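Protein chains: 4
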Amino acid sequence: MTETQVRVNYSETDQMGVVYHARYLVWLDVARCEHIRQAGVSYAELERQGFRLAVGDLRIRYRQPARYDDVVRVRCWVREAVTRRVTFGYALDVPARQVMVATAETGMMVLDARLGVGKLPAEVLALIPAEADPVRLF
Amino acid sequence: MTETQVRVNYSETDQMGVVYHARYLVWLDVARCEHIRQAGVSYAELERQGFRLAVGDLRIRYRQPARYDDVVRVRCWVREAVTRRVTFGYALDVPARQVMVATAETGMMVLDARLGVGKLPAEVLALIPAEADPVRLF
Amino acid sequence: MTETQVRVNYSETDQMGVVYHARYLVWLDVARCEHIRQAGVSYAELERQGFRLAVGDLRIRYRQPARYDDVVRVRCWVREAVTRRVTFGYALDVPARQVMVATAETGMMVLDARLGVGKLPAEVLALIPAEADPVRLF
Amino acid sequence: MTETQVRVNYSETDQMGVVYHARYLVWLDVARCEHIRQAGVSYAELERQGFRLAVGDLRIRYRQPARYDDVVRVRCWVREAVTRRVTFGYALDVPARQVMVATAETGMMVLDARLGVGKLPAEVLALIPAEADPVRLF
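Top to bottom, those sequences are chains U, X, G and L. Using our numbering, you'd call the opening residue of the first sequence number 1 and step up by one each time. Using our numbering, you'd call the opening residue of the second sequence number 1001 and step up by one each time. Using our numbering, you'd call the opening residue of the third sequence number 2001 and step up by one each time. Using our numbering, you'd call the opening residue of the fourth sequence number 3001 and step up by one each time.
Any given hint could turn out to be false.
[Claimed, not checked] To be clear about the criterion: a stretch of chain G counts as covered by chain X if any three or more of its residues have a C-beta under 8 Å from a C-beta of chain X, and this derived list gives those stretches:
(1) 2009-2020
(2) 2026-2033
[As the list claims (entries may be wrong)] Beyond 12 Å from chain L on every Cβ pair, some chain U residues (computed):
(3) Met-109
(4) Ala-122
(5) Leu-137
It should be emphasised that the hints constitute simulated quantities derived from the structure, not laboratory data. Note that the coordinates shown come from a computational prediction; the quantities given were computed from them, not determined experimentally. Glycine included, C-beta positions come from ideal geometry on N, C-alpha and C.
The following block holds chain U by itself, in its conformation from the complex (with noise of 0.2 Å):
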């Protein structure tokens, strides 16, 4: 599991005063990159490679909201890792509030450069195991 902080900035409000919900996602997609770059893993260089990870599919739970100016910490894990699939799980909270913000779960699909189905090396995926759920996710 690791850990990404993120400043919520004002362009991630909107007019009911809290983080607008699809801004979650994009933290999401940051703390998936940096829980590979700390597996020895840089994304830019997987897609130089030719592979992508596309998000098959995503499930959040929204549970007290972010506001402006929060450090928000992103704990992200491997929920389970397969040459054509990997489920990252995810928990977000604010700790200076002591505030859970979401729970979180993306299937990724391993992808070729043209978005036909690929195959993540072994060598790749020996570096990103599957961890057991730090907290319960729904």
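For this one, chain U is given, so just place chains X, G and L on it according to the hints.
Just chains X, G and L, lined up with the frame of chain U:
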């Protein structure tokens, strides 16, 4: 069930050459607002009356990518509606290419102006009855 | 000069209760694409032929805020067009509230598919002649 | 002058394979908030006190494209500050690639909580003195 059309603009694409997955959530939002507008309820007016509909949980399955300049049809319907919660279903396709793009569900929490628990008035609920799913969602 | 209409969606607002200033640039993009489409050129088709129009410089004056659910009219015209560069002007207002929202100008550089310097074909240039400004921009 | 770093995420790219031009405005916003934070003023706190800084006009020159995973350095400074208006300058580059990405200027209007004309307190103005441009902007 209502239908809303959105044309994909350049800002919605990413360097994979397709629509970035988080953008779809904005289309769901637009379709949901059009659905209730056609039912006779303006979300802007609901807000002025002190109601908020906030996404509590969301699930989406990405099937085929939407692309720049595609005209995406978003079919939207209510799956379940009670005073504190309204669940919407969505089916997104690109008729010109005969491609199913995504299916999704959002559970909306009814909140008051301070983002506390709210209750949707019976006369509003009566305007947005639940319907059977026109397609299988997941 | 062409006119394009966009309805403000919730994702475009911020916690100031108005449209976040960066969103206007997407509307300029949409209006620019509609302008050339109405002239008989699809930007999607131009891209397939190996051309890119990239914003080289941009200037915008924000006059009155656009708000959620506003229908914004974007008037768009070509101010100057040469083989390597096309300059567009824009005037954005909300007719229903009789409010001028913004005026803007974007200088577009013509690039080739590798983002090197490109040249727009004479037959394309002929379709998008320069026009006098219908309003004062700055 | 302050420096803020942002790493380009995938949502910020477009199908040209570079950062979509409107995303840069969010980085200017982030850098501006960090600039005043380092000066001892939190924008979140300013808002709570009833002040708003809204972009009144903006000019940006795009020089070389920023790309996915680039770490962009945003230098930010105040060009002019009076009670009703503060003008910021920005220079964006990618040090790792020695590439100047963009230069920009934003004129911020001081507003009150109802978005009427406001005045920035003298003690706030004293914290953000104007500086000479470190680079030529346009």
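Q. For the stretch 2009-2020 of chain G, do three or more residues have a beta carbon lying closer than 8 Å to a beta carbon of chain X?
A. Result for this restraint: holds, n = 3.
Checklist entry - Beyond 12 Å from every Cβ of chain L: is that where the Cβ of Met-109(U) lies? => result Met-109(U) is indeed farther than 12 Å from all Cβ atoms of chain L, at 15 Å.
Check, residue by residue, whether the stretch 2026-2033 of chain G contains three or more positions whose beta-carbon lies closer than 8 Å to a beta-carbon of chain X, and give the verdict. With 4 residues close enough to chain X, the hint holds.
Given as non-interface: Leu-137(U), which should sit over 12 Å from chain L by C-beta
It holds; Leu-137(U) is separated from chain L by about 23 Å at its closest Cβ, greater than 12 Å.
ask   = Taking C-beta pairs only, is Ala-122(U) more than 12 Å away from all of chain L?
value = 24 Å, holds
In summary, this structure violates none of the numbered hints.
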